[in-house]
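Chains as they are written, first to last, in the working numbering: chain X, 5 to 88; chain G, 46 to 1081; chain S, 36 to 162; chain P, 12 to 243.
Just so you know, the hints here were simulated from the structure itself, not pulled from any lab data. Predicted, not measured: the structure shown is a model, and the values here were computed from it. Keep in mind that a hint or two might mislead.
Unchecked claim - Here's a subset of chain X near chain S, in silico, CB distances under 7 angstroms, partners left out:
1) Ser29
2) Ile63
3) Gly64
The C-beta atom is built at its ideal place from N, Cα and C for all residues, glycine as well.
Take a look at the letters that make up each chain.
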Amino acid sequence: MLTVLTITICVGVLVGSLLAIVLDSLTSAVVSAGLASLFASVLYVLLSAPDVAMTEAAIGSGLTTMIFLYTIKKTQGVKKEVLK
Amino acid sequence: MVAYFQNPLNIYITAMAAAFLLGLVHKLGKMASLTLFYGALTMMAAVTLGSALSLSQPLIIQTAGFIAPLSINLQFGYYEAFFTICVNIAALLGGLYLYDYLKDSVLARALFLMLVVGINGMIMTRDLFNLFIFIEITSIATYGLIGLDRNIKALSAGFKYILAGGMISAFFLLGTALTYYKTGTLNIDQIIAMKDVLQDPIGLTAITLLLTALLIELKPFPANGWGLDVYQGSNAGIAAMISVGVSTGALFALYKLLPLFPAQHMGIISGIGLATFFFSNLMGLKQTDAKRMLGYSSIGQMGLVLLALSFFHTAPLTMFLGIVGGLFLNHFLAKAALFWIAGIVKKDHIKEWGILSQSKMLTVVFIIAVFALIGLPPFPGFWAKWQFIMVLGSGNHTFIIAAILIGSLFEAVYLLRWFNYVLAGSEEKLACEKSKRVPVLIFGLITAFISALLIKSSLGPQSSIYFFPIAFAVILMFVGNFIPTKLRALFAISGISYLSYYVQMNVSGLNLIFAQMFLWGGMILSIATFYKTKAKPATYGLLFLMLASLGGLVLSRTTLEFFFCWEIMTLASYLLVISGKNAKKAALTYITFSLGSAAFLMAGFALSNSLTLMGLAALPSSQATIVFTLLALGFLIKMGAFGVHIWVPGAYAEAEDDISAFIAAILSKAGVFGLFVIAIYMQSTISNSTLAYSLGWLGILTATFGALMAAFQEDIKKLLAYSSMGQMGYVIAAVALMSHLGWVTALYLSINHILYKSLLFLSVAGVIYRVNTREMYKMGGLIKKMPISFISAMMAIIAMSGVPPLTGFGGKWLMYTALIEKGWHLQAALAFFASGIAFLYMYRLVHSIFLGQAKPEHKDVKEAPLWLIIPQVIFMGLMMVGSTLPRLWVEKLSVAVGEFMPSTLTWSGQTATTSLGYWNGFMVMNIVGVIFVIVLIFLLLTFQKVQKVKQFNIVFAGERPFTPETTHVAYNMYAPVQKALGGWVKPRATAFWDGVTEWSHTLSHMFAGIYTGNGQTYLFFILLFFLMLNFLIGAN
Amino acid sequence: MGLYLNQYPLASIVLITGFMMILIGLWGMLTKTNIIKIIISITVVETGVNVILVSIGYIQGRTAPILDTAVLQIDALSRVVDPIPSALVLTSIVIGLGTTALMLSYVIKMYRVRQSLNIEDFGVLKW
Amino acid sequence: MIKRFFIALSLIILAGTFAKVVYNFVPNTELTNVAKHYVQHGTQELGATNLVTAVVVTYRGLDTLGEVVVLFISAAGVGLLLRRRKNDLVTKEEKRTEPSFLVQSVAEILVPLIFMLGAYIFLNGHLTPGGGFQGGAVIASGTMLLFLAAPYKHLNHGVLTALESISGFAYVLIGILGVTLLGAGHFIDNRFLPLGELGTLLSAGAIPIIYIIIGLKVGTELSVVLEDMREE
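Use the sequences and the hints to build the structure in full.
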């Protein structure tokens, strides 16, 4: 059961990562990366590392995503010109 | 309190406490936080020094109350002490330098402190993950500091750095994780102890990841584009910290982990270091941006240090510090100073650097730094490189030696080209704050101080012989600004006289003869320098240094001493040449060839495996052939032999007129001396070998082409230069004869050359001084205005051409005798032909300058200044005595040579007899004297019948030329001859060397093409670098 | 199916996930031209490395290294996972946040100067 | 396109290397020697039930100090880049849109709770999962919520800087206290305070103090970073 759960979460992490790379919209990409990070923190819980899980959740998926979003906001307006 | 200064941990504590407090203290006022900042930097430097001084054995610092591996430990041993001292002193001075930059931002100050903490940590920590953290601290602090300048250059450079840094830290962390998986510990000492566990795929991947990360930090070719951008784009003060600080941390971290690297693969590291050194310097050739050029040089130097590290990481302390430490220290001192100067000059393009010359102090530090980087003595790099090359030589790493020497030559070329732009000067004002000037000055002084220490320690018990003359010369150069020219000249001459006394007391035989040539000749010539009312401040110091180094050459017994003096001579003569008015380009060619010559010498000595000159005698014949070839090439370049002569006309012509006399008459004999040294020690191998035979031909060719080229010169000094080249050709051939008579001839010709070339150059110096031109067709008829100069030139020409009764006759007689005795008939014929050609230019010399009718603009010309006349009179006197009583000196030469091979020259009275005939100088003189008197009386009697003609009483066939001078017979005098000999005198050698230059520049451009400026490309290179390393390590 | 899966240790599965994340991230770092996308890719690589580190510390069937007063120390040796990788990852995550913040600040300023997020527009220094 | 091909190729080669690692990977079944010591003696030695905390704060305390430094200099770097300088010319027009009443009132209730949660996390770091960094991050998310609710309010930089400055200095001081009270080699040792009774709030020597300091420092620092990025 644990294995199946782990594999599911792993797939979640990988899909999140892939989407973060593939998606054209910056905001969606950032949110996917945040999701991947959130899945990773669940993974950490499964691997008996609750301290890491907490950190990943608070920092990796929380604060990091937030500063990305700030940055995207600050660099908007020309977004369409840059992205193909 | 004392304990505080003895515990290296306090470096961290002080810095962190200060950095954290800065924000709060800043509320009290800017002064308070600035005080705290500089106080902390000072204390850190003090703690480092205190800890280093109280070090009796390597210090292990445990933390958290546990012993490693339970907790993290730091180590402060001798190696760490050396590197941390460098870093913390650079930090203190670098902080001072950045005062303007840091004073407005408290955040920047905190970043700077933490940057220093990070570097210290990288050096001291013994824990792998802790190392990761300190690398991150260092990198992040650097990113932040680069961002202080928010222009596009700094931002894009900083961003590329961050990208590369991100990749590096991912690699390092992954490596750490895998290492922990395999070894179960993070303590570096334990990991090293367990390194056998790491010999499986996972372990090797881990090692590769770690080493890739640390190597990339050192910016290896080709994965270093981002590093170059950072050097170019960031503020100079920050770039200096990256170059000397961050790189130091990375280097030491790599040193710590190197034992993990499989020993059989150490060649990979060497290869990376070598490639980085070579290609960086190659690419530096094309560079015109000052800071990027420094970047190439920085990366190259670190490559060299890396190469040394791969050889000596397990060497004992003294050897490690001597070579790796020396190379590092050299880079450290020079690069910090140069980056700082770049920040003061604030000019990107090196063409605009003339502005620097407004500050003498900065220019001096600049040239010291450049010389240090090139590896000239007495700066630290010289000693380290010498030791390194010698070790490489004993291991027969010929390829590495060649690559290092060629790479160094590239570096020398672009750095000295830069120096030329500095010397060009500029109208613009140089603004320089004290806070920036002081660190540069201090680094200059430290460099000088360390160099002095290194002379003392590296040359052993003999060192004071070399040390004091250099010190005297340096003092003489620096007081140059404060005491009058004449007094300086007096000091220099008394210095030379003492030196010549000292040297003569300590040498004998052949060395004594050369000592007398160098020092007596130099002393007499020094009198001439009085004629200038105002000499440049450094001239006499340099002149003394040059002559002293020649004296040292004669004294030296070890190869190191010899090479040291040789390089000092190069350095001094280069600076003398470049102080000529338009000499910059010529001086660059001169020093490039001189350094090339030095490179051959170094390679030769390295492959000889011999510490003493005497030891050259013991080489087995196959090795001796190679060594002789290399060394001979070195000396031949310096003598301006055919093919490598293209520096000759420029350097001789463009140096100041009295200096040219020194170079032509005295300095060119250094090569002769060198040739003699190796010919003597390797006599058994060389005698009757093809090598000697080819050398002989080379000499004859040099003589022929020198004479030919001389005949077609319009510039009087270039004519003399080519003439010197030709005359040296005879000497080369004579040495190559490897016979008693040949060597006596070589010595005879050398001494004779000193006499007449001094006369010619001094006489010409007087003429140029009076008529202000070097073009011969603009002169003429000066015989009445400058009679003594005329007599001097006339005597010189007689002595040179070999016409009786002067010394030249004996020389020619000896030479033909020696050539025929050896059976070199064809060579003798060609030599005779060359002498014929030589008549052409000699005639031109006398005719164009002194004979014919005087130009109207020269009607007020007076005789040359007295100071120029005095040495000429002395030389003329010597020549008369020498011609009349040849036995007086030729016998001495014969005896000196007789030490090495049986004499074939016998004497009775003033008659010298060889197997082919005899020569009596005294008789010749008398006969010629009688004939001369008869002709003179005849001329005096017929003198009244001479008809005088007005100067411009010439009729042109209805045409008036626009430039009447060109119709003068002296203009392009030998054009018809030139037409006849056309193909012979095409500047083939020049074309060849131009081609070499162009090719290396093209290559340079081609390779630099990989640095596209795109951060992503650089990331890809980093990845490829890892894959390559992984492939090489995994291959076995 | 379930049984079959159980033969694979958890640590290996997670390790593979970590490596795949690194590869995905590297692909993004090397091919995306938008600098924000590149930074996102870097965070993916970092997370991948962290995942690997945690998987290395994991021991099948054990619990977190938090010892209640009730647990005997001897017993603990066979009951908890390695605390060291956890400590390392914790540090690494925080450092990751620091670098990401700094990179994004660079991006904002670079955008201010060039009005662009395309990495090819920032090649002012070359050769 | 050809560029992408080469990138793909090299990543495939890299994947090969990784595959080799995975292939040779045997999951650990035993603790490493160092870990064994921590598990066996950590609790008595340091008085912390959460061994990760014991490792983070004391055994590998130097790392953690370094980590604090990293965060500190990142924040400084962000500030250096983004904060307005004297000579900066900024023309910025802003549309002011006040957040909805709902957001404001939710924030009003939530923010104190989040701050308390953060404090709880770093106070109990030696007993339960979490600690100074997690607590600090939680506090920073509270700040973030505050920003959402009041986009035009500015944080008091002065107070935050002072707090950050003092907590950083205090951390170094505690490190030194270890040396002065316990002797050389005890830098950042938590045992200069009594270890107390295992499992209680006031135990594990100086660990709670260190975590409070770290929590404050990280919380303020991250808040400042967020502020800097928001303001720019």
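Here's how the hints hold up against the structure:
1. Ser29: Violated, because the Cβ-Cβ distance from Ser29 (chain X) to chain S comes to roughly 10 angstroms (cut-off 7 angstroms).
2. Ile63: 5 angstroms, holds
3. Gly64: 6 angstroms, holds
This entry does not satisfy hint 1, going by the numbered hints stated previously; all others are met.
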